[in-house]
Amino acid sequence: MDWTTGLGWFLFHLGQILLVIVPLLVALAFFMWGDRKVWAGVQMRKGPNVVGPFGLLQSFADLFKFVIKEIVVPAGADKFVFLLAPLITFALALVGWAVVPMGPGWVIANINVGILYLFAISSLGVYGIIMGGWASNSKYPFLGSLRSAAQMVSYEVSIGFVIITVILLSGTMNLQGIVEKQAGGFWNWNVLGGGGGPQHLIATVIMVPMMVVFFISALAETNRPPFDLPEAESELVAGYQVEYSSSPFLLFMIGELANIILMCAMISILFFGGWHAPWPEDYLKGWNPTLASLHGLVMLWGKITLWFIMFALVKAIVPRYRYDQLMRLGWKVFLPTSGIAVALVAGLRVYGIIG
Amino acid sequence: MLQAIAFYLLAAGVIGAALGVVSARNPVHSVLFLITAFFSAAGLFVMMGAEFLAMLLVVVYVGAVAVLFLFVVMMLDVDFAALRQGFARYLPLGGLVGIWLTIEMVFVSASVARDGAAGKVAGGPQAASGDVTNIETIGRVLYTDYIYFFQAAGMVLLVAMIGAIVLTLKHRQGVKRQNIADQVARTPAKGMRIVGIKSGEGIEA
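As you go down the protein sequences, you meet chains A and B in turn. Just so you know, our numbering puts the end of the first sequence at 355, numbered straight through with nothing missing. Just so you know, our numbering puts the end of the second sequence at 205, numbered straight through with nothing missing.
Just so you know, the hints here were simulated from the structure itself, not pulled from any lab data. All values reported here derive from a predicted model rather than from experimental measurement. Wrong hints could be hidden among the right ones.
As the list claims (entries may be wrong) - Derived EDC-like pairs (lysine to aspartate or glutamate); straight-line CA-CA distance at most 20 Å:
id, chain 1, residue 1, chain 2, residue 2
1, A, K332, B, D182
2, A, K139, A, D78
3, A, K315, A, E180
4, A, K46, A, E70
5, B, K176, A, D324
6, A, K139, A, D228
7, A, K285, A, E180
8, A, K315, A, E235
9, B, K170, A, D78
Given the sequences, and given the hints that come with them, work out the whole structure.
Structure, rendered in structure tokens:
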């Protein structure tokens, strides 16, 4: 087979995409299980423990249950938009993974504006929710989707500012470039100011709070507790998901989970060195390139798992925010803080105080 | 070959979606078509090598502006009969604008066909070069040659933002608002009073 022809190129990239998406979807099933186990552990329950060893196959049992149920479309619903909404959520959650570098050179699309692409895709996630809520033609879903739209648009702004501070530190929008800048040990990670001498301690003071802002905004952007107001069950039954059943509901759920993992990957890449180990990696020089990339893959997914456990813990521990408190936090606390941080980091770069 | 397929798919997407915007009966569908058109246009930008513009189009127009459109349109209760009544009345003006835009498009296409996209005017747009990313190119021009225009645009946006706040901000009396700083600063000494109550007597408020 000649890979340089159009057809060969197409097949080659199709293979790459499947190589990312299929393991990702399988991993999601186990992340779902882990989420429930952490939640159960905090509440001193056992969590899923019936299907398979330690309940590991619970997510697959749920999957089959969803798939073989009947799809109910409400009589007054806009049928096309109603079914399009979960598809959009699901597709957008997977599309973002195209630019995530899994190891040295292991990325489907190594584009120059990778970080902007991720930002753009995560900002599109609101469409699935708002379309689903509107198309259901019912009050609770509509209220849920309006809440969600306002919430996601608000927190996108502070996520954007935090991303700008990282871009300013790294000097590139290419995700591979951002990861490569953080090589050589945890003291070079962006969360600690990007490394390069004691003067970077100033950047550390700025970047640690920025990481926290990013994490909390990521919770709000993915509608995770404590910011799960779009589906607040005590007020809105289940928000925009009320009218959904069977496979469409499953698509919403997988899409949401894939978005959460994508946010975990973004934190790992932007602040915690992506596929770099927390220690100097000189020993990798003698390794086979494939083995070295595999080493990176393990490091990245270790970090993602760690951050996912943080997401799960927050869900278990923190009570839900009230809506006005949520808006206050986004606009009156995070927006000014991250805006000032952008100005400070830009100043540090312009006057040559840091790298 | 693949490029041609992608181009025709995206171009057909833009035109089809644009037709959908004006022909859809439901305004929410119109906005959804508009979003499709923006998205396909972003794809065309990527094909031209202007990936930064493409991402901006998606972030700003699709991710923020169109969400607000959708927000507003979904909450409106549109009367379709009333909408269609005005059709004949607005036809002359609308037709004029349409013809004017068509003429402009023809002129632009003709000049591109004759001189190429970059044009022959001195200081005109330059084609992207391989060694510098187009973010860097835009940044260099924007923050040097066009810095005053850039600042002026920023000022206009700032004034617009303050204007919006001034027009919509209402200080209603008698509304209970949460002051989080007050709540956090509350101490046991400020928050409670220890009263010794004698048997058989009430407490004076």
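Has the given pair, A/K315 with A/E235, been kept, meaning a C-alpha gap of at most 20 Å? The hint holds at about 18 Å.
Hey, B/K176 versus A/D324, does the alpha-carbon distance stay inside 20 Å? holds (12 Å)
Holds or violated: are the alpha carbons of B/K170 and A/D78 at most 20 Å from each other? Roughly 37 Å separates the two Cα atoms, so the pair is violated.
Taking 20 Å as the top limit, are the C-alpha atoms of A/K285 and A/E180 close enough? Since the Cα atoms of A/K285 and A/E180 sit roughly 15 Å apart, the hinted pair holds (cutoff 20 Å).
Below or equal to 20 Å on CA atoms is what counts here, so check A/K332 against B/D182. holds (16 Å)
Tell me if the straight-line CA distance from A/K315 to A/E180 falls inside 20 Å. violated (32 Å)
Is A/K139 within 20 Å of A/D228, Cα to Cα? holds (18 Å)
Starting from A/K139, check that the Cα of A/D78 is at most 20 Å away, please. holds (14 Å)
Satisfaction of hint between A/E70 and A/K46, Cα-Cα up to 20 Å: Not satisfied, since the Cα-Cα distance of roughly 30 Å exceeds 20 Å.
The structure shown violates the earlier hints numbered 3, 4 and 9.
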